[in-house]
Each structure stands twice: as structure tokens, then as C-alpha cells.
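There are 2 protein chains.
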Amino acid sequence: MGVFIAVDIGGTQLRAAIYPHDSLIPRLVERIPTKDPSSSTLDRLESLIETIWPTDVAVSAIGVAAPGAIDPYQGVLLSVANIQGWENLPLRQILEKRFQTPVGIGNDANLAALGEWQYGAGQGHHHLIYLTISTGIGGGVIINDHLLLGHRGLATELGHVVVMQDGPLCTCGKRGHLEAVASGPAIASWVEQQISQGATSNLSGQRHLTSRIIAKAAGEGDTLAIQALARAGNYIGQAIANFLHIFNPTAVILGGGVIQSGPLLMEPLRASMVEHAMSPDYYSDLLLTTAALGDDAGLVGALALAHRVGTKPTLDFA
Amino acid sequence: MGVFIAVDIGGTQLRAAIYPHDSLIPRLVERIPTKDPSSSTLDRLESLIETIWPTDVAVSAIGVAAPGAIDPYQGVLLSVANIQGWENLPLRQILEKRFQTPVGIGNDANLAALGEWQYGAGQGHHHLIYLTISTGIGGGVIINDHLLLGHRGLATELGHVVVMQDGPLCTCGKRGHLEAVASGPAIASWVEQQISQGATSNLSGQRHLTSRIIAKAAGEGDTLAIQALARAGNYIGQAIANFLHIFNPTAVILGGGVIQSGPLLMEPLRASMVEHAMSPDYYSDLLLTTAALGDDAGLVGALALAHRVGTKPTLDFA
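Residue numbers (the working numbering), protein chains in the order written: chain R, 1 to 318; chain G, 1 to 318.
Next up, chain R with everything else stripped away, as it sits in the complex (with noise of 0.2 Å):
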């Protein structure tokens, strides 16, 4: 038996890891920046895989997690953000002729929610919504045990529907997603804009905010900060409410750092989502909950995607 490699490409850095073909417990995972000025993002990822690469045994597959629009199916990734260069880039079919090894591709939030589902929070059910909240927000959604993926790949933008009409600006461009009321940057200017307003707040003046920075405020009792995580929360309550009316699943996985933000998020969030639903068929048995894999949910999805790579015939995601 062979092993696997798991690849999470992020904003940040690439990871990569050795993984036996029966554990969740990597032989070796590396790390690298995912820019750097001498050499372009497609060759430190290359030289990363192969840095890894085992002597000793075989490698059965490849799995790897890319953030922004992929086409699962031809492993394509479409457009990805903050990676200059890197549309339509066929990146499976580089890899796989640079290593000769079956090689799946996914976007990462897709791949945790299959990580999630197999391996974490989500085991057992068979309907799940995940919802990562952190510099964005991403989703994946398993159906019947089967990831949602759509015509090309491109479902579950769970972050990309508007909350708020003519709401803040989103990364995408459009106005009132969620994305755009929620997420970390989100919550952190708004508490930027509330103080240039004139509200009062032990993070008047404080640069950099983050929602790290909120969530610690508002644990230490500054009112700012509490509005603000209550204000991120009625909104997520708000777009899973619809998630349950259009899901109807058993349980919502909530990962990504704003979720670590504690109970002055999550209740608020949670009494949302509630208030939002249409009746208490749709929660009184859900499991919301957070997710079980923390920063590993992309390279375990990674492998997730791996192991069916390298066992199926066809892209069959989940």
C-alpha cells in the first residue's frame, strides 16, 4: 500500500504532508511562504511536493486544497485569490505529469467540509453544512454522503450570499454578502468605522485590528466589542437559517478563527439562527457545533480527496 500526499495551498503558506495510507497521523508535513520574490508560487509548490516525497514507498495520490474557484472535475483552478498568475492554471495535469501519480483538486472549504464529514465533526450524518469564517468565508455542503460540487465545481459559495442589501463591499465585488458583514476583516472594520463615529472603546486607536483583538476585548468587557461579535453573529444565524431551509441537514460545522471568538459570538449566533428559522423542525435536532480538524481541516481534506483519487476510477467527490 501506498501512501498519500495532502497539499493545502493558502494566502500564506503552502503545507504539505506524508500521510500512511490508513492514518490521519502525517509522517512528515513541511511548510514553505507561499510567495516569495525568486521564485514563482507553481515552483515552490512543486519543489515542496517533491521535497517531501518519500524514497522508501510508493505515493498512491496526490490531494490538494486551492482557495477560489476550481473545477474539481478537470482540476482546473480557475481563478484564485491573491496568486498572481494562477487562472486557469490546469494545475492537476501538471502535477500529474511532473510526478506521475493521480493527482484531485478542490477548493479548500469544499475539501474540509469532506474532511469534516469523514474524519471530524460531521461523522456519521449525512446531511452537514460547513461554514469556515475567518479572512473569508467558505462553505461545503454534504448531501445524502455526497459532496455538493454543482455543474463545475463552483456550488456552496456559502459566503457569497447578500445578508444585507447594499451592504459593505465584499472581496468579490458585489455588495451584503456575508462575506462582507462577517468575516474577520468585516467585524474589524466595523469596529473601525464605529469609533470614527465616535464610538467609545478600549480599541480606540489600536491598529491592525483583528477579530483575535475584538474577541479578547470583548471577553475583558468593552462594549464595542461585544456589539461586534453579537452583530457578526445574528448575521451568520441569519444565512444558516436559510441554509436549514434549503438543506434541511443535521448538522452545521462552524470552523476558522472568528468562530474561536467564544460564546459572546456563538450565542448571539446561535438565538439568530432561531429567531431566523421557520419552525423547530429545522433545529431542534441539529448538532451545531464546531469543527473538530482546527487548521487541518484543508490538508485532511486534502487527504480525504487523496484517497478517493487514488481508488476510483472517476471524480467521484465524496
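Zero decoy hints are in this set.
Chain G residues, not near chain R, derived (Cβ > 12 Å throughout):
#1 S23
#2 D43
#3 E50
#4 W86
#5 K97
#6 Q118
#7 P185
#8 A199
#9 A292
#10 G294
Simulated restraints, written as ranges between beta carbons of each label pair:
#11 G:H126 / R:Q13: 35 to 43 Å
#12 R:L287 / G:G2: 40 to 48 Å
#13 G:S189 / R:Y73: 41 to 49 Å
#14 R:D43 / G:R175: 48 to 56 Å
#15 R:Q13 / G:G124: 40 to 48 Å
#16 G:T200 / R:E275: 37 to 45 Å
What the simulated footprint calls covered on chain G by chain R, stretch by stretch (three residues with Cβ under 8 Å from a Cβ of chain R suffice, anywhere in the stretch; the number is not a length):
#17 153-167
#18 170-180
#19 248-254
Hints listed in this document are in silico derivations from the structure and should not be mistaken for laboratory results.
Think of the CB as a built atom: it goes at the ideal place given N, C-alpha and C, for glycine as much as any other residue.
Since the structure of chain R is already known, use the hints to place chain G on it.
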């Protein structure tokens, strides 16, 4: 080969039809009012089926489309709007006992989606969204040639997603849902409200406004009526853009009376969809069209379900 019986339970009428095993042309269709002081709706439904029961051939299966929250796995009507006493009604069990024939039951909008996919405007599409806009707004989604049902069959309540925060009260009791903003009654309410606030319109003083009357006035150039259709189209288009991000389908099929309003609704709808979509990847090859089955969608969907019930051991919907 036996025949199939399809039943469509509507708010105003019950319809039942007999279909040959290989045709969409019914041998017989009967309809009676849903409500009558002299007998219960369940009694009326059973008599209706008895009335059309054929004497010359066997019945292979009965398919039933019903409005409201249905558990299609168990064949239980959880709650049906406007029909008193139909709560947790085990209709499949009741009908199977009475008629000694396999019965399948589904939500009417879900089954209309199935009907449009199998026999109507969605033929050949593997990923489609069906949205019916009339007195209420319902939906159905086909993913990878399967109807999306969710854990208990309560999925794809596409009319019950928030499109306007703190918007008008929805029939479900929540605020700002698409149904509360863009259904026929919602369009009429908005026009009435504008008139009561001093807007001028040929519709002033008209009682019992409907979306059909408003569409007629719009066609004759009435500014308020034109605004009303554009407003509804705008919200429907916004919701569709969200659904494109969620499902990445190749077809969006629009049914229901409100969609008959013509280009004064459809053009703003399409423009809003394009305006709110993240990228042309979501709509450049999209088929956005009106339903092919018209008023018969529920009945034909019930027929599609009856075919499944009659030929498969389990209730695999699509």
C-alpha cells in the same frame, strides 16, 4: 402494465388523473373543491381517487403532490397550510391501506421540479433549480440527477430565505422572506400600500388586487404597476444569484402565475441576477426559462413520483 394515478392537493381544488404506463396524456382527470362543509378534505380526497379508479386495468402506484411540510420518506404531511387538522397526517399509510396500492407523497414544488426535469423545460440538465412564484413561493432542486430532499425532506424552501432584513411579515411568521416580498399577494400588498401612501395609479380604488391585474396595468403603462413588477423581479433575481452561488446549476426554471407577468417582471429579474452574481461563470451558459408544464406541474410531478414508487423498492426520489 398498470396505469398510474397522480393526485395534486391544492388550496382550492383537489385533482386526480389516470395516466397510461407510458404516456403523459391522462386518460381521465377529475377535480373537486378542496373544502366543502359537508365532508372532510381527507374523505373528499379518498372519494376522488375512488371515483377515477379504473375498472379495466390495475393501478401500479399512486403519486400525491401536497403543499406544505411533507416527510416524503415516511409519507407524512407534517403541516399543510390552509387545511385544518392535517398535521402529522400519515397520508401514505392511510391511502395504501385503503387502496392496497403503493403510494408516494411529496411536496408539490419539489415534485414540480422533478416533473420539469424529467418531462418539461429541464430535460437533459443534471443540476437545476425550479422556483414557483404564485400565492406562495416554493422550490425544488435537482443535483446530479437527484432531487434534493434533506434529512427529513424539508429542504429547498426557496421562498423562505431572507431577502430584505426586517421586511414584510411572511406567511410562515418570519420577516423579509422572498415569499413576503415577491409572491402574488406580496406584490399586491405593496401596490396597495403605495396607493395608500399617495402614489397615483390606475389601480387606485380597485379591490382585490392580484398580480395578474397588476401585470395588465403594467402592460398598459401604469407606472406604479411597472415599479411593482420591477421590484419583485429585482428581489427574485437577487435570490436566484444566491442560489447560483449555492448550487451552480445549468438551468433555472420559473413557474407559477406571477412569472406570467411578462418582460416587465422578467427583464428586471434577469438584470438583478446578473448584477448580484459573483462572476459570469455562474450565468454565462445558464438556461433561465419559464416552466413548460404550467398548471399541470404538480400533477405531472406526482406522476413522476408514482413511476418511481411503482418501480423501485425504496423511495429514491430521482
